[in-house]
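Here the protein sequences line up with chains A and B, keeping their order. Residue numbering for the first sequence follows the working numbering, starting at 12 and increasing by one per position. Residue numbering for the second sequence follows the working numbering, starting at 350 and increasing by one per position.
These are computed hints drawn from the structure, not numbers from a lab. For each residue, glycine too, the CB sits at the ideal point set by N, CA and C. Hints may be right or wrong, so weigh each one.
Listed next, the stretches of chain A that the computed footprint assigns to chain B, with coverage defined by at least 3 CB atoms under 8 Å from CB atoms of chain B [stated by the list, open to error]:
no., stretch
1, 60-72
2, 116-125
3, 219-231
Coverage of chain B stretches by chain A, computed from C-beta distances (three or more under 8 Å per stretch; other residues unrestricted) [as the list claims (entries may be wrong)]:
no., stretch
4, 397-406
5, 536-547
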Amino acid sequence: MSEDEAVTETARGTEGAVEPDVTEKDTEATEDATEEQQSPPPPPGIPLTIDGKTVYAEKGERVIAAAERNGVHIPRFCYHPRLRSVGMCRMCLVDVDTGRGPMLSPACLVECGENMVVETQSEKALKAQDGVLEFLLINHPLDCPVCDKGGECPLQDNTVAFGPGETRMVEEKRHREKPIALSDLVLLDRERCILCDRCTRFADEVAGDPLINFIFRGVETEVNTFPDHPFASYFSGNTVQLCPVGALTSAPYRFKARPWDLDSVDSTCTTCAVGCRIAVQSSGTQLTRYIGLDDDAVNHSWLCDKGRFSYEAVNSPERIAAPMVRKNGQLVEVSWGEAIDAAAAGLKAARERAGGAGIGVIGGARLANEDAFAWARLADDALGTANVDCHMDDGLPADVLLGLPRATIEDACNAPVVLLLAPDLKEELPVLFLRLRGALTAGRTKLVELTPASTSLTQFAAVSLGYRPGEAGLVARALTDSGSTTDVGPVPAAAIDTARSALAAPGTVVVLGRPSLAESAESVADAARALAALPGVRFLSALRRGNVHGAVAAGLHPSAGGLDTAGMLRAAAAGKLAGLVLLGADPLTDVPDRRLAQSGLAGAGFTVAVDTFLTESIAGADVILPAATFTERPGTTTNIEGRVSPLGQKLTPPGVAWPDWMIAAELATALGTDLGFESLDDLRRAAAEALGGFSALAGDTVQPPVTDAGAPRVDAYGLRLVAGRGLYDLGVTVQKSPSLAGLVRPVALRANPRDLARLGVTTGGRVRVTGPHASFAIDVVADEGVPLGSAFVPANVGVDDARSLIDASSPVTDVRIENL
Amino acid sequence: MAVREIPRIVSGRWDVDDAHTLEGFKRTGGYEGLRRALAMSPDDVIAEVSGATVQGRGGAGFPAGNKWKLLKDSFPRWIVVNGDESEPGTYKDRIIMERDPHLVIEGALIAAYACRASQVFLYVRGEMAFAQERIAAALNDAYAAGLVGKNILDSGWSIDVILHWGAGAYIVGDETALLESLEGNRGMPRPKPPFFPAVMGLYLQPTIVNNVETLANLPWIMMNGAEAFAAIGSEKSNGTRLIAVSGHVNRPGTYEVECGIVTFRDVFYDPSLGGGIRDGRELKAFIPGGGSSPWFFEEHLDVPLDPTVVGPAGSMIGSGAIVAMDDTTDMVRACWRLVRFYAKESCGKCTPCREGTSWLETILARILAGHGRPEDIGLLVDVGDNISPGPFPGPGLAAGDAPFAPFPYKKTTICDLGPSVVSPLMSAIRRFRGEFDAYIARGVGPEVIASV
């Protein structure tokens with residue numbers, strides 16, 4: 012079977028899985044599920060006969076799916092339960108009798124009908140299937156020994172099961188140059204391709220990137236890109252997984268392994284916070300690939316390319332493999348004992364000098380839930396500090412994140428209206444984008460956008476309100492107040508009216524993130540609290556960082572007068588932070604205000620870094636402790652919905668690296684505190700006692716909205732800065748994955764063409780952009796999607812980007828641009 | 350015997366030099382049928398056309414009025430004129446479009462009015478540059494004269510006609526492939542079910558796709574009534590149809606003949622039609638309805654041009670393309686030539702057609718080149734059977750051959766292009782097996798090499 016079929020279709024079951032069995036729910040949820048199972052079974056459905064057996068189909072169910080549910084496997088290539096049926100490969104031809112006599116029909120297209128009689132083993136059906144297989148094989152190169160797919164190939168498997176034993180074709184096979192690159196990541200072998208249309212359907216229907224299509228005709232037909240338009244899709248890797256033969260191969264995996272040598276474990280991707288279910292596969296000591304698992308609730312088997320290929324970073328030879336301590340200004344590799352002692356001594360001294368308030372812990376969103384809990388306990392019990400924050404000054408207050416009623420992805424996809432107050436989901440949470448895009452194109456939900464610049468979903472929006480950063484709260488209040496009749500900044504009153512009536516139906520799901528990194532969290536939180544007044548509203552977080560939701564739930568957020576990340580960096584810059592722990596944190600790339608990050612790191616006292624890579628941010632640390640990644644340890648992670656999913660251990664960590672919770676436990680012991688757990692089981696028990704599960708909220712209550720929030724004043728000569736991240740950025744995950752590192756897009760400033768026209772520049776031109784603390788030259792792109800008076804600059808993609816412009820001390824940042 | 354004189358319903362203006370101009374068209378009674386239709390209710394127009402049984406002239410032969418009644422009750426809905434005439438041997442729609450373009454527009458408007466269509470799409474084959482020129486000029490003139498567009502002929506009814514040129518694919522003659530092409534996609538057929546155009550057609554809205562010639566009958570029916578139309582032709586097959594006669598006849602050309610009355614013998618031998626086989630030779634076989642149809646032979650000469658008779662006899666009247674092959678014809682080569690056409694034109698969508706047609710072509714080419722093997726005959730038949738399973742339609746079997754089967758053929762493919770390739774193949778193998786055997790037995794000879 013193919014990787015796709017073997018893992019997603021057989022192991023998971025094809026259709027109708029209600030809740031993935033892999034998801035660990037908290038106790039309450041498990042009880043709910045048990046109750047559901049006890050409810051009376053639904054009526055049996057449409058009766059029909061398949062191979063002499065009476066089965067019951069759901070309305071609209073295809074014969075191929077109904078047969079599969081009842082243990083009859085009909086061979087197929089083009090059919091895929093997550094794609095539109097096209098009936099192209101003709102492999103699933105079976106005899107279908109609808110009352111007019113048996114007729115050969117494709118089982119993937121025919122809907123089950125009452126009293127239909129299906130024969131999958133009739134002489135006619137078997138001959139047709141044999142014939143189709145022979146047709147598929149006559150021009151297939153049969154280079155299985157050197158094909159990535161060999162061993163997990165539906166064409167091989169179907170040939171064994173149904174195909175002719177020898178060829179009757181004596182003519183020359185069709186020859187093509189092989190392979191050709193469809194993109195930087197995906198290669199196509201046209202000789203192997205059986206033209207099932209899966210990749211092209213996926214690109215068009217699911218990803219919305221119709222960059223590959225059929226060209227030429229007859230036996231010369233091939234899949235290809237349009238001239239000069241490579242298959243540059245964030246989701247291109249899914250086509251490799253979907254391909255039923257070895258025609259599409261991924262550049263990183265090609266020729267790396269034989270499928271039967273791969274060892275696999277189910278896990279959860281933590282590259283972003285969607286929490287896609289994956290199979291982590293390895294050969295020897297190297298990860299070889301991730302495969303998307305078909306989870307009804309989350310990722311429908313899809314992955315983004317960043318997630319799919321980020322295993323390269325796990326394999327990176329640059330991983331930190333041993334603890335290091337700074338001696339005479341140089342980092343020197345030492346034993347764990349020495350490193351832990353050095354870290355404990357430094358932190359103890361810092362605490363003695365400056366007290367708990369003089370120590371800070373930044374980071375933790377990379378950690379598993381168990382780690383986050385352990386580190387929260389360490390900070391509280393052993394370090395005695397409330398200065399703990401897993402956000403990199405790009406998060407939302409915990410009360411908003413966890414205290415407002417929460418929605419699942421499925422809830423959002425079925426809500427009457429989705430209100431998007433978030434950055435471009437395609438860049439930050441790609442698979443959530445796919446899910447919402449699917450729901451929108453299928454007409455299952457409607458979209459209202461509240462965004463400072465157009466996003467990848469804008470084209471599907473019923474209303475898109477392009478607000479000015481800093482005014483999100485004003486627009487939100489106008490949306491909930493039917494008395495409001497005025498424009499709000501660049502947002503016309505009429506558009507607000509339209510949006511307000513769309514939001515009148517109860518059950519809106521607000522997808523809530525940070526629409527712009529250059530707009531303060533408080534401004535967005537204020538808007539969220541105002542939107543909480545919508546009838547039946549629920550919230551789905553759109554914060555990106557891996558396990559940020561689990562980390563917040565575990566307590567890695569400032570409470571009781573503690574400082575947040577920006578506060579800690581500010582205190583450090585002022586020399587008031589005697590001790591700093593960087594917990595998988597890379598402030599120089601991740602904190603929106605780079606000047607703040609630089610000054611904070613430079614001014615911090617004794618610094619301990621727990622990380623996987625020696626980033627620029629931790630290069631100056633006093634002690635560096637090597638950590639395991641999510642594929643190297645068991646644990647759990649929490650996604651945007653609050654869903655807790657298991658992480659599977661596939662490898663041992665490089666060198667002597669440890670899981671983060673173990674580091675916390677050892678460090679606590681060295682600091683004289685027993686955290687009370689020596690194993691993951693101990694830890695989970697402690698966590699269950701303290702938190703009631705990792706998706707629960709630890710004791711925060713929702714703040715009331717600010718009733719009279721004024722908007723920041725507008726600089727009439729400047730543009731309001733909108734900053735957002737791209738999928739491929741300067742973070743270590745991308746930078747340490749060779750296949751992805753080159754995909755970072757160049758920096759450019761996007762602004763409304765009318766604003767640019769006033770300056771006399773347009774797309775392709777260059778301007779000087781000046782922020783509160785920096786000024787540099789930048790390319791411009793005219794973009795109607797950016798409202799008048801705003802300018803979009805990407806963050807974390809270049810030396811000079813939004814991070815140089817953002818002033819974290821101000822709720823918004825205004826910039827000026829001048830023609831060069 | 351001479352064929353009966355009949356009114357020239359669709360070719361009446363072919364001798365009028367300026368019939369393609371609005372002036373020439375109107376002078377000869379043009380747009381009067383439309384005027385009369387607009388004075389009736391749409392349902393009455395449908396009733397009138399149904400009363401006349403205008404069997405579709407594109408190939409499938411489905412009566413136009415009945416087709417319209419299948420329209421799902423949903424709006425918007427469209428009329429699409431299929432002007433993608435490309436069946437081998439067929440050249441009749443092109444001549445209508447070139448010489449009488451307003452007739453097509455008028456017919457389309459009548460259909461649109463009857464079906465309460467929201468828009469008309471006129472799809473003309475990409476290669477027909479002259480037809481495109483004439484249709485476009487005619488449409489511009491019709492718009493200027495208030496015959497298309499807003500408030501047509503002051504009736505209060507308005508409709509637009511959109512022109513679309515094909516991109517050069519035979520398969521777009523299939524109505525669902527045409528709709529794909531019209532939507533801007535690659536022209537590939539849609540599976541039926543579920544995509545029956547009258548239910549889910551263009552942009553998934555109800556759509557009627559009618560052939561050019563079919564629509565060209567409508568103005569005459571409006572002017573003269575269904576009864577007058579039904580009085581022409583046989584009981585089941587009313588009116589006239591255009592036939593494109595080619596091959597080894599003395600007078601190849603496009604003729605308008607009476608449906609159901611005129612026989613293939615008339616077509617080949619009547620002095621006003623084919624005028625006899627060239628050089629007084631014997632007829633060896635003929636293609637009765639375009640390259641896709643199973644071949645007929647001398648025993649079928651008295652079959653009338655009526656789908657309800659031709660079908661049970663094992664073939665189809667199709668697009669009205671009739672090709673004569675005399676006794677000098679190399680049947681293996683003729684077969685290969687047709688198979689090659691379909692192999693080149695397969696859209697590549699479904700496996701049996703994409704792979705099967707080209708495999709058949711290469712086997713036949715190999716036999717022609719003198720490298721045939723005795724087992725190739727069985728292979729050809731079985732590959733054909735994997736594209737079109739079961740007894741293939743067609744007569745003219747030698748004793749001991751597979752039993753006779755009526756039209757239509759069965760298929761493992763999405764559309765009829767795949768089985769089309771089996772038509773010449775099975776016809777030639779069944780009737781002229783000896784010629785195949787001779788090629789295989791002879792091996793490579795100089796005359797063979799020269800002929801390939």
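Requested in this report: Against the structure, test the hints numbered earlier, and report the numbers of the ones violated in rising order.
Outcome: 1 and 4
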